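Visitor: Put chain B on the given structure of chain A with help from the hints.
One letter stands for each residue in the lines below.
There are 2 protein chains.
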Amino acid sequence: MRFSRLHAPTLKETPAEAEIPSHRLMLRAALVRKLTSGTYSYLPLGWRSLHKAVAIVREEMDRAGAQEVLLPALHPIELWSETGRDALLGEVLIKFRDRHGRVNALGPTHEEVVVDLVRGEIKSYKQLPVNLYQIQTKFRDEPRPRSGVLRSREFIMKDAYSFDADAAGLARSYAAMYAAYARIFARCGIETIPVEAESGAIGGEVNHEFMVPSPSGEDRLVRCNACGYAANLERAECPPVARTTEPPRGEAREVATPGASSVEAVTRFLEVASRDLVKTLICMSDAGPVAALVRGDHELNEAKLARLAPGARAATAEEVERITNAPVGFAGPVGLKGVRLLADHSVAACANFVVGANKDEAHLVDVSLGRDFEPEDFFDLKVATGEEPCPHCGAALDLVSAIEIGHVFQLGVKYSAAMKATFLDENGKAKPFLMGCYGIGVNRILASAIELAHDADGIAWPVSIAPYEVALVAAGSKGGVTEAAESLYEELGARGIEVLFDDRNIRPGVKFKDADLLGLPLRAVVGEKSLAAGRVELRLRATGELEKVPVAEAADRIAQRVRDLRADLEAAADRAGKEAAEKIGAS
Amino acid sequence: MRFSRLHAPTLKETPAEAEIPSHRLMLRAALVRKLTSGTYSYLPLGWRSLHKAVAIVREEMDRAGAQEVLLPALHPIELWSETGRDALLGEVLIKFRDRHGRVNALGPTHEEVVVDLVRGEIKSYKQLPVNLYQIQTKFRDEPRPRSGVLRSREFIMKDAYSFDADAAGLARSYAAMYAAYARIFARCGIETIPVEAESGAIGGEVNHEFMVPSPSGEDRLVRCNACGYAANLERAECPPVARTTEPPRGEAREVATPGASSVEAVTRFLEVASRDLVKTLICMSDAGPVAALVRGDHELNEAKLARLAPGARAATAEEVERITNAPVGFAGPVGLKGVRLLADHSVAACANFVVGANKDEAHLVDVSLGRDFEPEDFFDLKVATGEEPCPHCGAALDLVSAIEIGHVFQLGVKYSAAMKATFLDENGKAKPFLMGCYGIGVNRILASAIELAHDADGIAWPVSIAPYEVALVAAGSKGGVTEAAESLYEELGARGIEVLFDDRNIRPGVKFKDADLLGLPLRAVVGEKSLAAGRVELRLRATGELEKVPVAEAADRIAQRVRDLRADLEAAADRAGKEAAEKIGAS
Numbered sequence: 010m011r012f013s014r015l016h017a018p019t020l021k022e023t024p025a026e027a028e029i030p031s032h033r034l035m036l037r038a039a040l041v042r043k044l045t046s047g048t049y050s051y052l053p054l055g056w057r058s059l060h061k062a063v064a065i066v067r068e069e070m071d072r073a074g075a076q077e078v079l080l081p082a083l084h085p086i087e088l089w090s091e092t093g094r095d096a097l098l099g100e101v102l103i104k105f106r107d108r109h110g111r112v113n114a115l116g117p118t119h120e121e122v123v124v125d126l127v128r129g130e131i132k133s134y135k136q137l138p139v140n141l142y143q144i145q146t147k148f149r150d151e152p153r154p155r156s157g158v159l160r161s162r163e164f165i166m167k168d169a170y171s172f173d174a175d176a177a178g179l180a181r182s183y184a185a186m187y188a189a190y191a192r193i194f195a196r197c198g199i200e201t202i203p204v205e206a207e208s209g210a211i212g213g214e215v216n217h218e219f220m221v222p223s224p225s226g227e228d229r230l231v232r233c234n235a236c237g238y239a240a241n242l243e244r245a246e247c248p249p250v251a252r253t254t255e256p257p258r259g260e261a262r263e264v265a266t267p268g269a270s271s272v273e274a275v276t277r278f279l280e281v282a283s284r285d286l287v288k289t290l291i292c293m294s295d296a297g298p299v300a301a302l303v304r305g306d307h308e309l310n311e312a313k314l315a316r317l318a319p320g321a322r323a324a325t326a327e328e329v330e331r332i333t334n335a336p337v338g339f340a341g342p343v344g345l346k347g348v349r350l351l352a353d354h355s356v357a358a359c360a361n362f363v364v365g366a367n368k369d370e371a372h373l374v375d376v377s378l379g380r381d382f383e384p385e386d387f388f389d390l391k392v393a394t395g396e397e398p399c400p401h402c403g404a405a406l407d408l409v410s411a412i413e414i415g416h417v418f419q420l421g422v423k424y425s426a427a428m429k430a431t432f433l434d435e436n437g438k439a440k441p442f443l444m445g446c447y448g449i450g451v452n453r454i455l456a457s458a459i460e461l462a463h464d465a466d467g468i469a470w471p472v473s474i475a476p477y478e479v480a481l482v483a484a485g486s487k488g489g490v491t492e493a494a495e496s497l498y499e500e501l502g503a504r505g506i507e508v509l510f511d512d513r514n515i516r517p518g519v520k521f522k523d524a525d526l527l528g529l530p531l532r533a534v535v536g537e538k539s540l541a542a543g544r545v546e547l548r549l550r551a552t553g554e555l556e557k558v559p560v561a562e563a564a565d566r567i568a569q570r571v572r573d574l575r576a577d578l579e580a581a582a583d584r585a586g587k588e589a590a591e592k593i594g595a596s
Numbered sequence: 010m011r012f013s014r015l016h017a018p019t020l021k022e023t024p025a026e027a028e029i030p031s032h033r034l035m036l037r038a039a040l041v042r043k044l045t046s047g048t049y050s051y052l053p054l055g056w057r058s059l060h061k062a063v064a065i066v067r068e069e070m071d072r073a074g075a076q077e078v079l080l081p082a083l084h085p086i087e088l089w090s091e092t093g094r095d096a097l098l099g100e101v102l103i104k105f106r107d108r109h110g111r112v113n114a115l116g117p118t119h120e121e122v123v124v125d126l127v128r129g130e131i132k133s134y135k136q137l138p139v140n141l142y143q144i145q146t147k148f149r150d151e152p153r154p155r156s157g158v159l160r161s162r163e164f165i166m167k168d169a170y171s172f173d174a175d176a177a178g179l180a181r182s183y184a185a186m187y188a189a190y191a192r193i194f195a196r197c198g199i200e201t202i203p204v205e206a207e208s209g210a211i212g213g214e215v216n217h218e219f220m221v222p223s224p225s226g227e228d229r230l231v232r233c234n235a236c237g238y239a240a241n242l243e244r245a246e247c248p249p250v251a252r253t254t255e256p257p258r259g260e261a262r263e264v265a266t267p268g269a270s271s272v273e274a275v276t277r278f279l280e281v282a283s284r285d286l287v288k289t290l291i292c293m294s295d296a297g298p299v300a301a302l303v304r305g306d307h308e309l310n311e312a313k314l315a316r317l318a319p320g321a322r323a324a325t326a327e328e329v330e331r332i333t334n335a336p337v338g339f340a341g342p343v344g345l346k347g348v349r350l351l352a353d354h355s356v357a358a359c360a361n362f363v364v365g366a367n368k369d370e371a372h373l374v375d376v377s378l379g380r381d382f383e384p385e386d387f388f389d390l391k392v393a394t395g396e397e398p399c400p401h402c403g404a405a406l407d408l409v410s411a412i413e414i415g416h417v418f419q420l421g422v423k424y425s426a427a428m429k430a431t432f433l434d435e436n437g438k439a440k441p442f443l444m445g446c447y448g449i450g451v452n453r454i455l456a457s458a459i460e461l462a463h464d465a466d467g468i469a470w471p472v473s474i475a476p477y478e479v480a481l482v483a484a485g486s487k488g489g490v491t492e493a494a495e496s497l498y499e500e501l502g503a504r505g506i507e508v509l510f511d512d513r514n515i516r517p518g519v520k521f522k523d524a525d526l527l528g529l530p531l532r533a534v535v536g537e538k539s540l541a542a543g544r545v546e547l548r549l550r551a552t553g554e555l556e557k558v559p560v561a562e563a564a565d566r567i568a569q570r571v572r573d574l575r576a577d578l579e580a581a582a583d584r585a586g587k588e589a590a591e592k593i594g595a596s
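Sequence order for the protein chains is A and B. One point on numbering: in this note's numbering, the residue at position 355 of the first sequence is 364, and numbering is uninterrupted. One point on numbering: in this note's numbering, the residue at position 40 of the second sequence is 49, and numbering is uninterrupted.
It should be emphasised that the hints constitute simulated quantities derived from the structure, not laboratory data. Hints are all accurate, no fakes.
As the list makes no split between identical chains, a pair holds if one copy fits it or if it spans any two.
Below, computed lysine-lysine pairings styled on DSS-like, alpha-carbon distance capped at 25 Å: (1) K147 with K104; (2) K43 with K147; (3) K104 with K43; (4) K135 with K21; (5) K487 with K538.
Fair warning: this is a prediction, and the values are worked out from it, not measured in the lab.
Only chain A is shown next, with the shape it has when bound in the complex (with noise of 0.2 Å):
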C-alpha cells in the first residue's frame, strides 16, 4: 500500500480524551476514531490489525475443531427470561420495543440464543461433543466505557458455545480451549496468564481467565513466582493463619461509641486500627442467618460466603435489628443467638479486638477468641489483599494489574437445565447437555499488544497483528532515490511481504516519525546518501537494531528477517499451546 493513498490522518498531539497508552496511540496511529462514548470506528490501520486477529482466532478455533457460525445479534427477550438472566444484567442488556410491540434485546453474549439454535436439533449423545463459535459484534451498555477499545459498549467477540454428553468430554473440550487460547495469544505475540477467576454472570464453576498484566488494566490477580500458582483477586485463596497466642488484656467491656457505625468512626473514636476490630457481617442463606466475621481492614468476599452457606446475601436493615436487637453497625458475635458464626482465617490471628455490642452506640473491645466467644470455623471468606502468602506453596504473591483479555468457564447444566436442552444418552434417557463456553475480547488483543510493546515515540507491533509487515521510507526523491523505492517495493510485494511504503511528497523526518508511531516491526529507508554508498537501511521498531544491506540483497533481506519474525510468533504458539495442554491436564 501507498501511504500517499492510505486514509491514515495520524495525529502530532495527544487528544486530551485518553489516559491510557494504548487509547493514545491507537488514536494517534489513525487505528480508531471515536463516534461516541463506548463506540470506535477502526481506520483502514485499525482495520487491518483486527482483521488479522480475527483470522488467527479463526484459523487456531478451527485447528481446535470448533465450528463456526453466525448468530443474531437481535434476540427475542423471552429467551433471556428462560434463564432469568434479562433481570441478572439489568440496564446492561440493551433493549428496544420493535414496530410490532415485540421486546428485542441486543445480544451482549449468546448462550441463551445457541442453546436455542441446539435444542431440539442435537438430539442423541452420538452427535456429540459439538463446539459452536462466532465472531461478531456485542452489544453492552456500560455505565462507565473508558480506555478506548478495553471497555467499550460494541465490540468485537469470539464467543465458542461446546455441548457434551458427561464431565469427562467438557474437560477434554475445555482442555481444547483452553490450549486454543494460550496458542491464541502467543501468535499475536501477547503474554498472558491464565488465572482462576469468578464467573460472574455467566455462572458455573470452573473457569480461567486469560490475563495480560499491564499498568492499564482494570482488573487484579496474584500470582506466585514460585509455584505458578495465580488468581484474580476476586478468587484468590486465602490460606489458614496461626491462632493468637497473645493473652488476654483484661475482660471484655462495653463502651459506648455514640453515632460511630462504621469501621472508620470506631476506630477513629477508639484510636485504634482497623485490623484491631473484627466486622460482624449479618447475611441470610438458605439455611438461615449467618454472621460473617472478617478483620476491619479487611472485606468480606460473598462468593466464598456463599459456597459454605449457599444463598447468602446481605441482611436488610430489618433483618439486622431483629437479629441482632440493634441498628446496622452494632452487631457482634458475642451473646448472638441462633446464627451460624463463620469467621475469616485472619480473624483466629486477633487479639484484644473491638466487636458490635449487639446495642445502639456501643461496642466491646478487648474481646478474646475462646473466652468471649468462639465461631463455628474458621474459613477463607476474605477479598483477597495480595499480601497472602501463597496458599499452595507459601511463597510471597505479586499483585499485578491485568488486562482480561479471555475467559473459559464450565458452565456444566446451568444453562442447558433452565432450557431443557436434552439429548438421549446411551441408555435412550433424556440428559442436559454439559456446557463450557469460550470469549476472546478481539479489540482488547489489539489494545493488549500496545499497551505490552510501546515507547514514548509509537508503538511496536507483533509481526502477526502489525497492519504492515514493513515501512518503506522513500527519504528524499533525489540521486536515485524513487526509482529504487519503487523497485524495492515491487520486489517486496512479489516476495509475499506486506508493505506500506511512504510515498508522499513531504520531509523524510515526519515520514520517520510516522514510521515509529505507526510502529510496523521492520523499517527499510532508502535514502540519498546510503544508496550511494548502495546500502538500504533496515531497522527493527522492537530493538531499535540497525542493519545496512547491500541495495542488490535488500529484498532477500528483508523478507528472510519477515518471515523469521512470523516464525518466532508461530514457535511461541506451539510451546505455549503444549505448555497449556500439559498444565490443564495436569490440574
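Guide: Below, chain B alone, put in the same frame as chain A:
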C-alpha cells in the same frame, strides 16, 4: 471436513414457513435456522458460504482501490437529525434510549457516520479520492420480513462510500465500483442485470441496481433484448405516443356521476373502460399547483413528476377543493385556471374520453384534446407497465421479476452539504465532497445463487461460494471402500481441494440424498462395485454429467475438474468486469 463431525442437521421435510426455493433449501440444507421473524442463525455450512461471499466482495473492493474500515452499529441520533433522515426512515430505524438517557439508533446504513468520520480529517483535495468500505451487520425494523434471508431485520451489507473533489472524479469512482460489482457477482456465479433505478431514501441522481432475474424476486424491471436497455419499473422511461387522429364523437357533455369519485366507480357507472378515462391529479410544487393528467389505467410516477415540477406532492383535500371548486375525485382539465396542465404521453392517444367536471358528482364525457383543453405539453409521467416499447430502440420490452442484490449511487453533495463536510480545493476554497455510495446485500448473494441454481433435489452451488467443493461419499464400508475413501480424502486435502467427506455410518441412499440437497459442485462416490472395477464415480451436480475415473487417477482428476470450475468463474468475472467498464464508460 468429515460429515460425522459436522453440525449439519439437514431436514427431510420442507418447513411450512418457507415459500420460495432459496428459503426452503437454506433451511433443509442446514445453512440457516430462524430465530425470530427476520433474524437467522447461520449454521456451519451456511457460514462457510457466507464467508466465501464476504471474501470475494473484500478482494474485489480492495482490487478496485477501496479501503476497508469498520464503523459502529450504534449511532447517536443527532447525526441522523443533521440530514433529516431520522424522520424519513421512520420506524425502519431502530432506536433505543441508553442508561444515560441518550437516544441511539442501530445503523441501517452509514452515510451519516462516514461523513462524520471524514469531516475535519480529509482537509484537502490532495487527500482525494478516498473510498471507504465495510462489511457489517445492518439493522432495519422491516414492516414485513419475508423470503428467508432476502428481507430480514438483520443482515450483512457491504457498504462503500467514495469522496471526490469533482464530478469527473465521482464518475471515475462510480465506474470503478460498477465494474467491481459486475466482477463480484460473476465470480459468485450469479447473473445480474444492472438497471437504472430510483434512489429512494438514499437520494442522489444517477444510480443503478444490480438485479438477479428470479420469479422469487419482489422487484420488477423491464429489459430490452434488442439494445440492452434495462430499468426498474419505477425508473423505466416511457416513450412519446402519437397523437390521436380519431375524430370527436360530438360535443363534450356533462353527466351526473353520483357518489362516483374513484376511477373504478366512474368507469363502472358510465360503463366505459378505465383506459377511456383521464385522471387529473392535483399536486402542489415549489412553483405552485400542478395538474398531472394520466390515463385511468395508469399510475402517476411521483419521482418523474418531481423532476418536472420540483417539490411536487399530492395536494390535500382542502387544496383540491380550493383549486377545482369540487371535492376530491371530480377534478378535470377543462376550464381549470391557474394550474400547470402536464399530461402523460399516453394521454395524447386518447380520444372521446372521460374527465372530472370540477363539480361535485359530475364528469365530462366525449372530451377531446385541443378542442376542449390543451395541456402545456406531454411528458413521461406514469409508472411503466412493461407494455411500452423500449425508449431507446422501440423494440418490445421484457417484464422480469428480480432480486435486488446491489445498488450504486452518485450522491453528489446531498450528505456533505447537509453535514457541512468540506475540503479545500486547488484555490483554497471550501467545497462539499462529491460522494457516491455502493451497497451489496451479502446474504442475498447466497439466496440469489440458490434461486438461480437448484432443482427438486436441492442446491447446485457455484464452486466459488459452495460450502465445500467436493462431496466425497463412501458408499458402504466393505471391499476396501473405507480405506479407498479415506485415502482419496487425504489426497484431495493435500491438493488444496475442499472436501466434505461423508464418512457417516448410514445407508448410501441417505448420503446421496444429502449430497444432492447440499449441492456441492462435484460428487465423488467410492462404492463397492465400482471400486472392484477399479473406478471412482464423479458427478457434476449442475448437469448430472457422470464420469468414471481409475482410482489411481481420481485425486488428480477431481482436482483438475475443481480447478476448471474455479477458472470458469474467474474468466466470467474478467469478462463481466470488462463489459461493465465499457458500458459505464460509454454511458
